[in-house]
Every structure is written in structure tokens, then in C-alpha cells.
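Colleague: What follows is each chain in one-letter form.
Number of protein chains: 2
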Amino acid sequence: MNHPAEKIDELSEDLYPSRSGAQPRFIERLDPVIYSAPDSPDSPLPTEQLKHYREQGFLVLEDLFSAEEIAGYQREMADLRANPAVSRAEETITEISSGDVRSIFRVHRFSALFARLAADERLVGIARHLLGDEVYIHQSRLNYKPGFRGKEFYWHSDFETWHVEDGMPRMRALSMFITLTENHDCNGSLMLIPGSHQRYVVCSGQTPENHFKTSLKKQEYGTPGDSCLAELVDKGGIVTVTGKPGSVIIFDCNLMHGSNSNITPYPRSNLFFVYNALSNQVGKPFCNQRPRPEYVCARKGIRPLRGDLCDGA
Amino acid sequence: MNHPAEKIDELSEDLYPSRSGAQPRFIERLDPVIYSAPDSPDSPLPTEQLKHYREQGFLVLEDLFSAEEIAGYQREMADLRANPAVSRAEETITEISSGDVRSIFRVHRFSALFARLAADERLVGIARHLLGDEVYIHQSRLNYKPGFRGKEFYWHSDFETWHVEDGMPRMRALSMFITLTENHDCNGSLMLIPGSHQRYVVCSGQTPENHFKTSLKKQEYGTPGDSCLAELVDKGGIVTVTGKPGSVIIFDCNLMHGSNSNITPYPRSNLFFVYNALSNQVGKPFCNQRPRPEYVCARKGIRPLRGDLCDGA
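The listed protein sequences derive, respectively, from chains A and B. Numbered per this note's numbering, the first sequence spans residues 1 to 313. Numbered per this note's numbering, the second sequence spans residues 1 to 313.
Take the hints with a grain of salt, since some may be wrong.
The list treats identical chains as interchangeable, and a pair is accepted whether it falls inside one copy or across any two copies.
Stated by the list, open to error - Below, a list of computed lysine to any residue pairs in the SDA-like style, where the Cα atoms sit at most 20 Å apart:
1. LYS151 x ILE70
2. LYS244 x ASP234
3. LYS235 x PHE148
4. LYS151 x ASP185
5. LYS235 x GLU182
6. LYS235 x THR181
7. LYS235 x GLY147
8. LYS151 x ALA230
9. LYS235 x PRO265
10. LYS235 x HIS184
11. LYS244 x VAL233
12. LYS284 x ALA89
13. LYS235 x PRO267
14. LYS151 x PRO265
15. LYS244 x ASP185
By construction, these hints were calculated from the structure, which means they are not laboratory data. What you are looking at is a predicted structure, and each value in this text was computed from that prediction instead of being measured.
Starting from the given sequences, assemble the full structure and let the hints guide the process.
Modeller: Below, the structure written as C-alpha cells:
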């Protein structure tokens with residue numbers, strides 16, 4: 001096993017500097033994409049899917065859940081969105097223009113069903129294998145992009161933000177999301193740049209104070225320059241991720257992604273779980289700002305997921 | 001031949017009222033979609049394409065132009081966009097935020113090549129057949145949606161605007177556009193609601209003074225309500241029109257269409273010609289505003305296109 005992240009505590013330098021007056025440029029990835037050995041006999045994924053994930057940086061899995069399970073997740077989503085206490089919670093982000101609920105962070109704290117799902121071995125087993133370590137939930141959220149007036153979300157690498165603003169040391173985390181509505185090619189679905197996870201894009205600008213308060217609605221800092229983006233797309237193209245409700249999309253923490261606006265009547269909801277390696281816990285942010293709130297970035301009471309309830313449900 | 005529009009001069013009533021305090025609702029279309037007889041022997045299109053256009057309201061034609069012709073149109077587009085005199089012209093519309101050129105109206109007046117293309121019998125012959133009449137250019141424009149920061153354009157029926165703001169009496173016009181860059185499913189390509197041309201959506205609100213100055217950048221009046229849109233999409237779905245450069249897309253004047261934003265590096269350029277039936281010339285606007293400028297809506301010196309140069313080149 002290749003375990004460069006196990007020496008985190010010894011590292012004090014910033015291996016992936018960004019913002020703070022940096023010029024836009026590429027840094028080659030210093031970390032593996034898949035941490036378990038290629039010939040590991042207990043892989044929950046077949047070799048061809050591992051190869052696809054390593055090279056492209058993402059994977060789409062169908063049929064992981066039964067129709068009954070998916071219907072249950074959809075009912076839970078509707079209940080959460082209709083719950084005034086949830087709407088008022090600090091974890092809930094609303095659309096700039098309309099006030100509609102756009103995201104519910106730390107959603108596994110609001111829902112026992114989603115806490116069980118976050119810890120479900122069908123998901124956690126894959127995360128554990130890809131990251132070669134025990135894992136925990138760095139962040140969870142329910143994203144709801146309404147129809148007619150859903151706003152675009154500009155290109156970014158999650159890792160760039162998690163590194164700079166949360167102090168995540170290495171690229172040893174991934175996102176899984178479960179589609180709860182159909183993701184069409186026309187309703188602002190996630191767009192990925194395949195292969196972009198292999199290079200780190202240093203972004204210009206600084207990190208403003210309390211950046212998370214605006215960046216969760218509209219990201220304006222930590223976004224790549226035009227020429228870096230054009231180079232990534234020139235090499236890897238763009239994939240719009242579409243799928244029926246219940247599809248699972250897994251993507252590397254450093255994969256460049258974004259989404260166009262949504263003027264169609266089709267709303268788009270996805271349930272996100274970010275799994276981080278236990279050995280890759282966050283430290284001091286690599287910027288001059290205070291750490292973001294616990295509901296965006298877990299720091300307290302971290303323990304590995306072992307198929308039981310996710311923490312705090 | 002079904003020729004209801006030949007009696008225009010006798011009609012003084014507003015058959016398609018919209019705005020002016022109207023409540024959002026549907027009016028069934030009173031006009032044919034194809035005005036020539038179904039068994040007309042001189043149709044430039046095969047029966048199945050006519051059927052598709054009648055039922056769906058649009059048609060995509062490939063291979064109408066040679067590779068050399070398409071390359072010539074692309075060079076002409078680049079020359080026009082790089083021409084400071086064109087950028088400064090009143091016919092040229094710029095992006096709200098960036099100042100980039102977004103549209104050049106009456107583009108056939110700036111380019112002899114595009115004037116010849118507007119009058120090309122391969123296009124005009126189809127327009128003449130579908131509209132069952134001699135035709136002229138009601139409006140022409142070169143649309144340029146830049147990469148990275150291309151804005152969305154909300155759902156609308158062109159006819160609603162041409163009727164209310166230009167005084168176009170009946171649904172006897174159509175748009176043809178030629179793709180000059182590749183239209184992907186991810187770069188803000190045109191979205192259509194198939195079959196929506198069969199119903200007229202009455203829009204709420206008024207027409208503000210000099211509406212064209214803002215509506216050509218961002219349409220906020222003359223847009224349908226959510227419930228009407230949802231009903232149209234529920235019945236017809238949404239088609240994102242994709243195609244290689246040089247494809248020709250024809251769509252009925254009353255087809256509901258719009259486009260999402262474009263954060264991809266792929267710019268998107270299309271050359272639009274709006275053909276109107278000679279018998280359907282515009283009159284007094286069906287609102288309390290002055291007519292829009294000549295470069296948005298032709299009124300003077302109208303003469304039928306006959307395969308020679310389009311007027312005024």
C-alpha cells in the first residue's frame with residue numbers, strides 16, 4: 001500500500017498552495033488516486049471500474065439501492081425541505097434571489113435515515129478501499145437546485161477549498177452523491193472534467209473573511225483561471241453526469257466540476273457525503289482565516305464509520 | 001392552401017393578446033404551422049420532415065452546406081467580431097457583465113456573404129414552402145455566447161414578442177439558424193419544448209418603454225409563468241439542440257425556447273435569419289409602445305427574396 005498521507009503530522013509545509021497572491025498555474029498531483037494496492041483481493045469494485053476511477057477521477061454506479069430504498073430517500077428529502085425547523089437552521093443555505101432552500105449541510109444530523117445511509121457498508125466499503133484507510137464524514141449535504149431559476153455554480157476543485165479553508169493536508173478524500181431526482185442533460189446537472197484530478201490548479205486571489213457565507217451560494221474565490229480551465233477541457237473534455245434517481249456518483253476530491261444554471265421546470269436534488277481518510281484529518285487552514293463552521297467541516301469527535309449509525313444522528 | 005393570413009388587412013382585433021394586465025393562460029393556435037398543401041409536389045422537404053416540423057415545431061438539417069462554405073462563414077464571423085466599427089454599431093449588443101459582443105443584429109447589412117446566404121435558395125425555398133408565400137427577412141442576427149461567462153436566456157416564444165412589440169399579426173414566420181461553432185449539450189445550447197408551438201402562452205406584466213434595450217440582453221417581460229411552462233414540458237419534454245458547425249435548425253415562430261448559462265470554455269455562435277411571409281408584414285405594435293428599431297424589425301422597403309442578394313447589403 002502506498003501511504004504518503006500517514007506522515008501528515010510531520011509535514012508542516014503547504015504542499016498545495018493556492019490564493020494568497022499566487023499566480024494561476026498547475027501543480028502535479030503528489031498523492032495517489034487509489035490508495036489500496038491494485039491487486040488487493042477484497043476490492044468491492046471490479047478492476048475495470050477501478051481503472052476508470054483512477055484515470056477519469058469519477059465513477060457512476062447504478063442499481064446500488066432498491067426502488068423501495070430510493071423512494072424512502074425521496075420521502076425523507078421532501079420531509080426535510082418541508083420542515084420549518086430545518087429551513088431556519090444555520091446549516092441551511094438559501095438561494096440568493098428567491099430564498100428557496102438550496103442546501104442542507106450536516107444533513108445526517110437532521111435525519112436518522114440519512115445517518116444510516118452515510119454509514120452504509122455499500123458506500124463506506126468503497127470509500128475505505130479507494131482511500132486505503134478508515135474513513136469518516138468530512139461533510140454531508142442535501143443539494144436542492146430548484147427548477148426555473150436554479151443558478152449556475154462555477155468550476156472548482158473541492159480539495160482546493162478543503163485544503164485552503166479547512167486545512168485538509170492531502171488528496172485523500174472523495175465525494176459520493178446519490179441522485180434523488182432525475183439528472184437530465186438540461187437541468188443544471190453536474191459537469192466534470194475527466195482526468196482533471198491529476199493536476200492541482202493554483203488559484204489567484206485571497207480568501208475573504210467568512211468566505212463560506214457566500215461561497216456556499218456562489219463561488220467567486222478559489223476558482224481556476226480561464227487558461228488553466230481551457231487546458232484541462234482541451235485534454236479531458238466535459239462529461240455531464242445524468243442518471244435516474246438512485247444513481248451513485250463517486251468523484252475524487254480534486255476533480256474539477258461545476259454546473260450551468262437550470263431554467264427547466266425539473267428540480268435537481270442530490271445527497272452528498274464527503275468521505276475523508278482518518279489519517280487525513282483537517283488541521284489549521286492554509287490561509288489567514290478562522291476555520292469554517294463544524295457543519296461544513298467536521299473537526300470534533302471524529303471516529304471511523306463501521307457500518308453503524310453515522311455520528312451524532 | 002390554407003391562407004388565413006391573407007385577410008390580415010381586414011383584421012383589426014388582437015388575436016393573440018398578451019401582457020397589458022393579462023392573466024397567464026393558453027390560447028390555442030389559430031394559424032397553420034405549414035401553409036403549403038400537404039400534397040404539394042414541389043416541396044423541398046420530404047414528407048417525414050414536413051410531418052416532424054408540423055408536429056414538433058422544429059427541424060434539424062445537416063449537410064446543407066459544404067465544408068468550404070462553412071469555413072467561409074466562420075471566417076466572416078471572426079472578421080465581424082474583430083471589426084471595431086461593427087462593435088460600436090447600434091446593432092451590436094454586448095454582454096451585461098463583461099462587455100463582450102453578444103449579438104450583431106441586421107448582420108446581413110454588415111456582410112455581403114451573409115446577405116447572399118440569407119437569400120440562398122436552399123434556405124429561402126424551404127421558408128417559402130413552409131409559409132406558403134413569398135418571404136422577406138424580418139430580423140437577422142449573429143449570436144455569440146462566450147465561454148466561461150455566457151448568460152442564460154429565459155424561456156420565450158419569439159412570436160409573443162414580435163406580435164406584441166412589432167405588431168406581427170399572425171403566426172406565419174420562422175427562424176433558421178446556422179451553427180458556426182459546435183453546439184454541445186453543455187455549452188448553453190438552445191433548448192426547445194417540442195409541440196409548444198401549438199399553443200400561445202399569454203404572459204403577464206406590461207411592456208416597459210424601450211424594452212428592446214434590455215430584452216435583447218435578458219428577457220424579463222413576455223416570459224411565460226411557471227405553471228404554463230411546466231404544462232408544456234410535461235407534454236412535450238425538452239430537446240437540447242446539438243450539432244456540428246454548419247447544421248441548420250429551423251423552428252416555428254411560436255416554439256417555446258431558451259438556454260442555460262455557459263460556464264464551459266466552448267463559445268457558441270449561431271447565425272439567425274427570421275423569415276416572415278410577405279402577407280404577414282408587421283403593423284402597429286399590440287402594446288402602447290413605439291415600434292422597435294428597424295434593425296430589430298424590418299418595416300421599410302420590404303421586397304420578397306428571390307435568390308439574389310438580401311436587401312441593403
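Colleague: Now look at each hint and say whether the structure bears it out.
Modeller: Evaluation of the provided hints:
In this assembly of identical chains, LYS151 and ILE70 lie within 20 Å of each other by CA distance neither inside one copy nor across copies; the values are 26 Å within and 34 Å between. Proximity of LYS244 and ASP234 under a CA criterion of 20 Å is satisfied inter-copy only: 17 Å between copies versus 29 Å inside one chain copy. With identical chains, the CA atoms of LYS235 and PHE148 are at most 20 Å apart between copies only, with a shortest distance of 17 Å across copies and 33 Å within one. In this assembly of identical chains, the alpha carbons of LYS151 and ASP185 lie at most 20 Å apart whether taken from the same copy (15 Å) or from different copies (17 Å).
In this assembly of identical chains, LYS235 and GLU182 lie within 20 Å of each other by CA distance solely across copies; the values are 17 Å between and 29 Å within a copy. When the C-alpha separation of LYS235 and THR181 is checked against a cutoff of 20 Å, the pair qualifies only between copies, where the shortest distance is 19 Å, while the shortest distance within a copy is 31 Å. In the homo-oligomer, the alpha carbons of LYS235 and GLY147 lie at most 20 Å apart only across protomers (17 Å), although the nearest pairing inside one protomer, at 32 Å, exceeds that limit. Taking the closest pair of Cα atoms, LYS151 and ALA230 come within 20 Å of each other only across two copies (18 Å); inside a single copy the shortest separation is 22 Å, beyond that limit.
In this assembly of identical chains, LYS235 and PRO265 lie within 20 Å of each other by CA distance solely across copies; the values are 12 Å between and 33 Å within a copy. Only between protomers do LYS235 and HIS184 lie at most 20 Å apart by alpha-carbon distance; the minimum there is 16 Å, versus 24 Å within a single protomer. When the C-alpha separation of LYS244 and VAL233 is checked against a cutoff of 20 Å, the pair qualifies only between copies, where the shortest distance is 18 Å, while the shortest distance within a copy is 26 Å. Taking identical chains as interchangeable, the C-alpha atoms of LYS284 and ALA89 are never at most 20 Å apart, the minima being 26 Å within one chain and 54 Å between chains.
Taking CA atoms no more than 20 Å apart as the test, LYS235 paired with PRO267 passes between copies only; the shortest distance there is 17 Å, against 31 Å inside one copy. Within a single copy, LYS151 and PRO265 get their C-alpha atoms as close as 13 Å, and across copies as close as 18 Å, so both meet the 20 Å cut-off. With identical chains, the CA atoms of LYS244 and ASP185 are at most 20 Å apart both within one copy (12 Å) and between copies (18 Å).
Comparing the model with each numbered hint stated earlier shows that hints 1 and 12 do not hold.
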